[in-house]
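Heads up: the protein sequence lines correspond to chains E and S, in order.
Quick note, the first sequence lines up with residues 15 to 449 if you use the numbering used here.
Quick note, the second sequence lines up with residues -9 to 429 if you use the numbering used here.
In short, the hints are calculated from the structure, not lab data.
It is possible that part of the hints are untrue.
Said to hold, decoys possible - To give a feel for the contact side, a few chain S residues facing chain E, derived at Cβ under 7 Å: (1) Ala9; (2) Thr22; (3) Glu128; (4) Glu156; (5) Ile160.
As the list claims (entries may be wrong) - For lysine to any residue, the following SDA-like pairs were computed, each having C-alpha atoms within a straight-line distance of at most 25 Å: (6) Lys368/E / Ser229/S; (7) Lys58/S / Glu402/E; (8) Lys346/E / Ser364/E; (9) Lys368/E / Ala132/S; (10) Lys31/S / Leu433/E; (11) Lys320/E / Asp14/S; (12) Lys276/S / Gln315/S; (13) Lys346/E / Trp34/S; (14) Lys368/E / Gly118/S; (15) Lys320/E / Asp187/S; (16) Lys181/S / Trp34/S; (17) Lys58/S / Pro343/E; (18) Lys368/E / His377/S; (19) Lys192/E / Cys224/E; (20) Lys181/S / Phe335/S; (21) Lys341/S / Gln315/S; (22) Lys346/E / Arg39/S; (23) Lys282/S / Ser229/S; (24) Lys58/S / Asn416/E; (25) Lys368/E / Leu178/S; (26) Lys320/E / Thr116/S; (27) Lys403/S / Val96/S; (28) Lys334/E / His377/S; (29) Lys31/S / Pro343/E; (30) Lys58/S / Asp412/E; (31) Lys346/E / Asn19/S; (32) Lys334/E / Asp14/S; (33) Lys361/S / Arg328/S; (34) Lys341/S / Lys276/S; (35) Lys359/S / His377/S; (36) Lys58/S / Leu433/E; (37) Lys31/S / Lys368/E; (38) Lys184/S / Leu237/S; (39) Lys346/E / Asp412/E; (40) Lys55/S / Arg409/E.
Each residue gets a CB set at the ideal place from its N, CA and C atoms; glycine is no exception.
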Amino acid sequence: MSAVTHLPLNARKVVASRLLALTSLRRQQPQFEREDAVQTLAGIEDLYLRQTATGLRSQNSVPLDRYVLDTFRIVSQQVQVDTTTQDHAALVDSVLQTIDAQASSLSCSSCSYLAPTVCNGEYSDDQIVERSGICILPITNMFRTALSSTVGCYQNFSSIFGSATCPSVDFSTAAVQKRPHDIPVPYYVGGVTNYHDSAGPNSQVCLCLCIDEFEWETYLAMMYVLFHECVCHVFQGTVPWRGQTRQSTNANDAFAEGWMDWIAQWLLIGEADRHAAGIEFPALQRDTGRRFYLARIDSGARRPSKYAVARIIGTRAAEKLLSLLGALPESKSDHLSHFLRLSLDLNLSSVDPKGREAFAWKVDQYLPERLPSQATDAQVASSIAWDENPSAVARFADLVRNYLQTNDFAAFVHEVALLPPPESRGYTIHLTNDL
Amino acid sequence: MNERFKVLGAMLALREFTAADLADFSGVNLNTVRVVLGREKEFWEDLGRDASGQRGGQFLRYRVKPEKFGVLEEAIDGLQRDARAIASGRHKRSSDESGSNATVDVPVSLLAAEDALARRFTETTTLGDRIHLLNLAEIGAAKYREQASSNPACNSHLQALEVLREVCLIEIAQESEPGIGPVAFAVLKEKVLKAADALMNENAPQQAAFLLRHVVSGPLVESDTTLQWKLHVLAQAVSHESLYTRLVAVLALGKIVDRIQLNKTALPPYEERVLREALRVSAADKDDEIRKSASEIQQRAEFLRSTSPFGRPISAQRLLVVDDQENVGRVIVEQLQRFGYSAEFESDPTKALQRIEGSHFDLVITDYKMKGLNGLELAKRIRDRNHNIPLVLMSGYGPVTVDNDLFVASVSKADLFPVELRDVITKHVGVPQKQKQLA
Chain E
15 MSAVTHLPLN ARKVVASRLL ALTSLRRQQP QFEREDAVQT LAGIEDLYLR
65 QTATGLRSQN SVPLDRYVLD TFRIVSQQVQ VDTTTQDHAA LVDSVLQTID
115 AQASSLSCSS CSYLAPTVCN GEYSDDQIVE RSGICILPIT NMFRTALSST
165 VGCYQNFSSI FGSATCPSVD FSTAAVQKRP HDIPVPYYVG GVTNYHDSAG
215 PNSQVCLCLC IDEFEWETYL AMMYVLFHEC VCHVFQGTVP WRGQTRQSTN
265 ANDAFAEGWM DWIAQWLLIG EADRHAAGIE FPALQRDTGR RFYLARIDSG
315 ARRPSKYAVA RIIGTRAAEK LLSLLGALPE SKSDHLSHFL RLSLDLNLSS
365 VDPKGREAFA WKVDQYLPER LPSQATDAQV ASSIAWDENP SAVARFADLV
415 RNYLQTNDFA AFVHEVALLP PPESRGYTIH LTNDL
Chain S
-9 MNERFKVLGA MLALREFTAA DLADFSGVNL NTVRVVLGRE KEFWEDLGRD
41 ASGQRGGQFL RYRVKPEKFG VLEEAIDGLQ RDARAIASGR HKRSSDESGS
91 NATVDVPVSL LAAEDALARR FTETTTLGDR IHLLNLAEIG AAKYREQASS
141 NPACNSHLQA LEVLREVCLI EIAQESEPGI GPVAFAVLKE KVLKAADALM
191 NENAPQQAAF LLRHVVSGPL VESDTTLQWK LHVLAQAVSH ESLYTRLVAV
241 LALGKIVDRI QLNKTALPPY EERVLREALR VSAADKDDEI RKSASEIQQR
291 AEFLRSTSPF GRPISAQRLL VVDDQENVGR VIVEQLQRFG YSAEFESDPT
341 KALQRIEGSH FDLVITDYKM KGLNGLELAK RIRDRNHNIP LVLMSGYGPV
391 TVDNDLFVAS VSKADLFPVE LRDVITKHVG VPQKQKQLA
């Protein structure tokens, strides 16, 4: 296990104050909309964002709670002298009071287990935040929600999760200078899961935030990032536990970053739609997550992510297999469960990540894409001519049927790996590690 | 035809089914499925009623007759062939209508395969990981090869992919066998530029640049032979019509300069000349950014020896290479020039004879099997004219026994360079003038 680290004090001053202000303001958004005062709300939000940016220059000797309180009072004064807010004075006063009250309830001395010593920019800060961390509590709660939903999903659908040596899971936060990904969306948040398995399986999820750019959209996108890390990476490769440090998969991995990400977004959408506890703005967090997910696989964007094509292979393969399971008589009544069982088992298993990736590529190549109902004649002809291969599908369907009978995912993956690339004629190379 | 194709495909995959199963699997309307089933009775047999039928009406259950699997597959193949003919015809028409650059979607799998070999390959370090990426590329590309003939965009990407694969395989081979010869690299050089051209024509400048970048940033860039080969690719790419390709090429040349300086290695005189010439071409480019980059790199390249001023002959020894296979002959000439000799090429043996009569050569290397005169006949005619010039015979069938009055040596074309031929030339002509001066 490795020591858990968190955002430095200055960064937390920005994040904590913005979390508090942004969520309080957005909770009041319906009232502002009713009074046709959305511009006013945007103006107030802008003032908070500008003023809280000073957190990065704040002295370490100023405790976080005092910084937040002082900053909010300055904003209140600015809002009160702003003539544009006077048409909706009552509403504005009410929201300022709410924010002020919440800021007053933030107490570093009651948070710190070393009180009267509170966070001061020293090493002990990480331990204080790890033990209670009231300043980033909304983020920690998001992580707990994502983790518990993920565990629930694995418990419900995986056939081997019960036998898993469940990894201990830590949550950490980090500040980064630039947007921590190359995906074409204005969300300045990313995640990474590191494995510290020397004393048993341990997964450490780190949420990386670009502090300067931490705004509402980024807040909304955090939930999806956390679902991604939990579903795709936290439990990866723990069954059977061999006592060896797991290798992180790379950003190109079609299975981990494409196939499993499909499940992560599916789970987030499901949890948001049932208003699961811990998802405070379900519709917004769901839609933002979906946008993030789609942007990750948007190879047609003006500046697409350099990993987009590999992710597309994985997500497309997942959708194709789900579609096949939905069409086979043996599995169609419960195709989603079958699909999740296979996917989660495979992710949990200690199958070599290269094997999982090759599996995703093979599935993608063997199964045709289902065309949209409004497909043109040219698309249909082209699909039949080049994309569809009924003999290959039939071979693949046989393997799926066998898997449904035996539930032996390892054998299934192995058999898929042995399939030759479909329609390769005369120019196939078969390379193995035995070269 | 579409519906029939899909329903037959579903029958093949499901083996046992109800009409509803076929409709679900194929996405074809249930009534249409029933019509197709009615017309295709030869393939299936009735298994009775399915207990899961709804609304009192139970579905009939069918199965494909085991002896009909082959015929069913043939029927599907036939339909697919028809679809391919239609798709190809449609593509051809649309190309004719809209000029040479009809836009056709390139399958994502091909782009992912390119990505695996062009970008990911350079980031891997183990043989296992590299083989994995080659396998992924093969999985991603295999099913599109047949499409290539009717889809130029697809074809360009496949062509680039084949080049990338070849580069990757050579890089793997070179790790274990550093003696991969320049002939292989010279052939690849042509392929790389041709593939980049094809990609440019298909409006895929990113991929063209990708290809070049891979060529330059491959893990074996530090190997002298590879570095020199890459330098030659880039030296041609700086004159490419695409601005993007020229920019990538000049920036890549900058990387090569930095690498040479960092590793404190030296380029052979000929390569150094190629590098300087390429930078000179870039410095005169019509684009500001390229000119600026080239000037900057030229300054960084000042540490290079300036022993080979442009335009001055490197050596006084003149060699003539005669081979009716122009690409092979030119490779040999290029190699001789690298060693510091002044080498010339002639593909027609009769013209070669005229040149030998008209001027002085220190040595002639001739292929054995050529159209018109073969190597033996050429040698006899040279001797008949009382020329004592040393002759070397090359043969694609390995070294052959030769008449010592005619030839000073016989070498195999398969392993031409560097040792064997160079030794022969050094023995009969001497070391290149340049090396003498340096010594």
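Structure-based check of all given hints:
1. Ala9: violated, 12 Å
2. Thr22: Thr22/S check fails; min Cβ-Cβ to chain E is 14 Å, beyond 7 Å.
3. Glu128: Check passed: Cβ of Glu128/S comes within 6 Å of chain E, closer than 7 Å.
4. Glu156: The hint is violated - Glu156/S has no Cβ within 7 Å of chain E, the shortest such distance being about 11 Å.
5. Ile160: Violated - the Cβ of Ile160/S stays beyond 7 Å from chain E, reaching only about 14 Å at its closest.
6. Lys368/E / Ser229/S: The hint is violated at about 41 Å.
7. Lys58/S / Glu402/E: Roughly 21 Å separates the two Cα atoms, so the pair holds.
8. Lys346/E / Ser364/E: violated, 28 Å
9. Lys368/E / Ala132/S: Measuring from Cα to Cα gives roughly 19 Å; hence the hint holds.
10. Lys31/S / Leu433/E: violated, 31 Å
11. Lys320/E / Asp14/S: It is violated: about 36 Å lies between the C-alpha atoms, which goes past 25 Å.
12. Lys276/S / Gln315/S: violated, 36 Å
13. Lys346/E / Trp34/S: holds, 22 Å
14. Lys368/E / Gly118/S: holds, 9 Å
15. Lys320/E / Asp187/S: holds, 23 Å
16. Lys181/S / Trp34/S: Answer violated: Lys181/S to Trp34/S is near 51 Å, above 25 Å.
17. Lys58/S / Pro343/E: Since the Cα atoms of Lys58/S and Pro343/E sit roughly 22 Å apart, the hinted pair holds (cutoff 25 Å).
18. Lys368/E / His377/S: Cα-Cα ~65 Å, so violated.
19. Lys192/E / Cys224/E: Status holds; Cα separation ~6 Å.
20. Lys181/S / Phe335/S: Roughly 22 Å between the alpha carbons, so the hint for Lys181/S and Phe335/S holds.
21. Lys341/S / Gln315/S: Holds - the C-alpha atoms of Gln315/S and Lys341/S are around 15 Å apart, at most 25 Å.
22. Lys346/E / Arg39/S: The hint holds at about 19 Å.
23. Lys282/S / Ser229/S: holds, 16 Å
24. Lys58/S / Asn416/E: holds, 22 Å
25. Lys368/E / Leu178/S: violated, 29 Å
26. Lys320/E / Thr116/S: Measuring from Cα to Cα gives roughly 22 Å; hence the hint holds.
27. Lys403/S / Val96/S: violated, 40 Å
28. Lys334/E / His377/S: violated, 75 Å
29. Lys31/S / Pro343/E: OK: Lys31/S and Pro343/E at ~21 Å, within 25 Å.
30. Lys58/S / Asp412/E: With Cα atoms ~17 Å apart, Lys58/S and Asp412/E stay inside 25 Å; holds.
31. Lys346/E / Asn19/S: holds, 17 Å
32. Lys334/E / Asp14/S: holds, 14 Å
33. Lys361/S / Arg328/S: Violated: Lys361/S and Arg328/S sit about 28 Å apart, past 25 Å.
34. Lys341/S / Lys276/S: violated, 40 Å
35. Lys359/S / His377/S: Holds - the C-alpha atoms of His377/S and Lys359/S are around 22 Å apart, at most 25 Å.
36. Lys58/S / Leu433/E: holds, 24 Å
37. Lys31/S / Lys368/E: violated, 45 Å
38. Lys184/S / Leu237/S: holds, 18 Å
39. Lys346/E / Asp412/E: holds, 15 Å
40. Lys55/S / Arg409/E: holds, 17 Å
Taken one by one, the earlier hints fail for this structure at numbers 1, 2, 4, 5, 6, 8, 10, 11, 12, 16, 18, 25, 27, 28, 33, 34 and 37, listed in ascending order.
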